[in-house]
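J.: Here is what each chain is made of, one letter per residue.
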Amino acid sequence: MTSTEQRLAEIRGGVPARRHNARTIAALTGNPGCARRAVLDSAGVDKPKLAARIGFPARFGQSRFAIGRGNAFEAQVKADGGAELLRLVAERLGVDPGGPATWTDLGADDRAGADRSARSRAALVAAAPTGTGEPAALFDHPLLGLDVAGQRVHLEPDLVAARLAGRYHVVEVKSFPVIDGQADPAKVAAAAIQSAVYVLALRELLAAEGHDPQLVSSDVVLVCPRDFANQPVASLVDVRKQLLVLRRQLDRMARIDDLLARVPAGFTADPSADPAELRRALESVEARYAPECLAACELAYFCRHEARAQTAALGRPVREALGGVASVAEALALAAGEDPGEPGQAEAAALLRAAARLRADALAGQPA
Amino acid sequence: MSTLRALAKAQALAAGVAQPVATVRHLHLSPRPLVLVPLAMAGEANAPLAVLAGTAPDGARLLIVPQPRNRDQRFGFAAELAGIVLPYLDSFRGVSEAVPVDRGRDVRYRYVDAPQLLVPNPAGVTFLRLLGRSTRFRRPDGEYPVHPSVPLLGRWLTFFAERAEHPGSSALLAMTEALTLHWATGQSAVEDLHLPAVLGWLDPPPGLDGAQAAARAEDPSICPPAGPATDPDFDNQVLAPAVAAYDEAPDDAARLAAYAELERVLRGQLAPTWELMWRGVGLLAALSPGARVEGRWAGDRDAFTAHAEHVDSGGGPQPRRDGAVAAAVRLHRLERALTSYAVQRAYDDPLVMAEHRLTGEAFVGEVTLADPKRVDDTGKRPVLRPRIQVVTAEPVAVPVGATLYSPARPAQKAKVVFVTPGGDGKTEVVLELSGGMGRGLSAPPGTVPEVGERLCLTTLSDAYLPAGAFPAPEDTPWTHGGPPAYAPGPDPEPGAPSSDGDPVEAWA
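Going line by line, the protein sequences match chains A and B. Just so you know, my numbering puts 296 at position 295 of the first sequence, and the rest follows in order with no gaps. Just so you know, my numbering puts 220 at position 212 of the second sequence, and the rest follows in order with no gaps.
These are computed hints drawn from the structure, not numbers from a lab. Hints are not guaranteed to be accurate.
[Claimed, not checked] Straight-line distance between alpha carbons at most 20 Å, and here's what the computed EDC-like set of lysine to aspartate or glutamate pairs gives:
# : chain 1 : residue 1 : chain 2 : residue 2
1 : A       : LYS50     : B       : ASP241
2 : B       : LYS434    : A       : ASP362
3 : A       : LYS188    : A       : GLU293
4 : A       : LYS50     : A       : GLU307
5 : A       : LYS50     : B       : ASP227
The structure displayed is predicted, hence computed values, not measured ones.
Whenever a hint applies, use it, and build me the whole structure from the sequences.
T.: Pasting the structure below:
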């Protein structure tokens, strides 16, 4: 065990590292500037448990209706050896599927993960396009791997389609509807970044076997229910931008030593430690809270509580409109003219004073 | 976010209670609004689960769908909702007034009042829009017949959802937006989407400050979400067993009991939001309306009248997607409405005008000199062109030659003739006035600002914005896809596959 691994193990306490999945990796790209999150995620800390322990439980429950509907839709789409799915994907890619596809189920296996991973690897590599006239190959739930902060993470895309348009395509089956050609932008964005994780993992797998990683298309296929019915519709989503963001964040996490250098010695995020001590420890690593964190990070309620006197907690537009002044008290002091502000703040101070005067005038009933 | 609003947010945070960002109400509030609090089934495509509806605080009616995955029950629910919404709409179709058009040469009619729908949040508006989309193409005949009121409800909900996009319209309002238009909370825009938290800041319960009340409102076990999304814990622990009990009921008695239990738990989730909606209505009603609110509401009444006539005359449902020309016309209309709405709010409300004063689009000064009798006789005909001098302590960012307006005399233009910075930080501005003074060569009293009057001058103009010219759909330029392949007829033949959104949807 290297000293870095040793250090990370100390940080998370006497428990095994929490495994990442595509969703948690995707979430890493949300607030890349946050050191607190980078450290905790690199160490594989159980953040939901940690948040609950320090009195700020996360609220990321999932309704069983949503889970049930998601599973049912996926099963429906993949029925009959993926015949309908193949037609949909091929049509969207504008190619002729050329006969029925081979179907390889890499998910239904009770054997150990390593074995499944090797089987997936062999099957996927064997499907590399060699010429024309081969039937398309569909792989149900292959097991891929990706290194995240020195840790091997297992990933399971819904489906990989090979030998369509001469390339591999990641296919994600999602149960949110596409109504009149439009879907909820937030859900599409989440699906795109999650699919990008799979594209990255698949590319690394091919590269490791001596194939061209560009054989994996950066266009992923999203299969969703159309309108209000259960009929599937396939859409293409270009994830090149997401791949760049992801690559950058993973590289950053790979340089975990730089990150750990800024973490005080004795820092712990062990969920069994004393809550007061945990809070103190967390505060010693800088966070970059923004209201958007509430939807993405289990620790957000704690960070929000900590940042409550900061203008950033009101949202970035508010902070900018207040001349970039960091603390609410300082902004109000500048506005009241009680504090001349630092030399660099002259402009912000003048703006805030003018705003305070105009606001007071208008509220006092001065005619405009 | 203007600096003035951001400052109000900072002040709200420091004070622990929301701060006003408006001195008048900028929207119309009906004395009898139809409040709708919808809930949707998680995971489904806008499948209604329940709604609490009514026009008075003690008049809530609960509608539920015991098994939201069941298509017949969904449309049964839509028919029940139509039974509330359509009579409500019809109740405004009694009295009309005549409106002169075409410079008084003709006249058209509009209803003297119009319906108003209130939902808790923007997601509630989206819910109604999608419910409208899922019902307006249904048919009372054919393969999947529905009650005739269902497509009618769909068309009206679509109408309201489209009005909600129209800046300044009060036909369908999200309560969170209506409240944050008038008050700044000490939380972010993301958190402002949660109605209980917004009201926590506006009206915290005794013993709590706004931040504490808002934090408490975020706990779904204390305060259920304001919908349409439900709390996952509620789904898993309460709703799922209740739906299962209904599904698996062995006989009618058990089914009735299960239905009553579903009603009870869903009412429990909806009732707190219902209370909040009416508290919100009360807070808004306490503000006096801005001077130009009535004019914008007249626009809503016009739209209501026009759509009612369209429906009466057998017009078809709104298309799934606008054609190129219709989309451009719509965008243009929304842009004009947005501009006019921003100007009107500033004219109505000194606190909104203050935002423009801060950015240099307006200034307030005192009239120090006035020559109300000045006549310009350099042209063909002599014209009345009074001049005034205004002294202001505010920065004047307008160039010579610019045209300014004053909310006190919106019909009058003031052209900047001289701008002279004084030594004491004040600025003298000389303005030449035209318009709003009658036709003669002497200005009637009160039409020219007098010495000593405090005057707000702004570059914002509330003048009529002429509509742009757009080609007919059959002349759509090739850059926009060319003329559509089909003629957008008002009512396609029954059963024929219509290109504007056919209901050939197989239902699970």
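J.: Would you pick out the hints that fail for this structure and give their numbers low to high?
T.: Result: no hint breaks.
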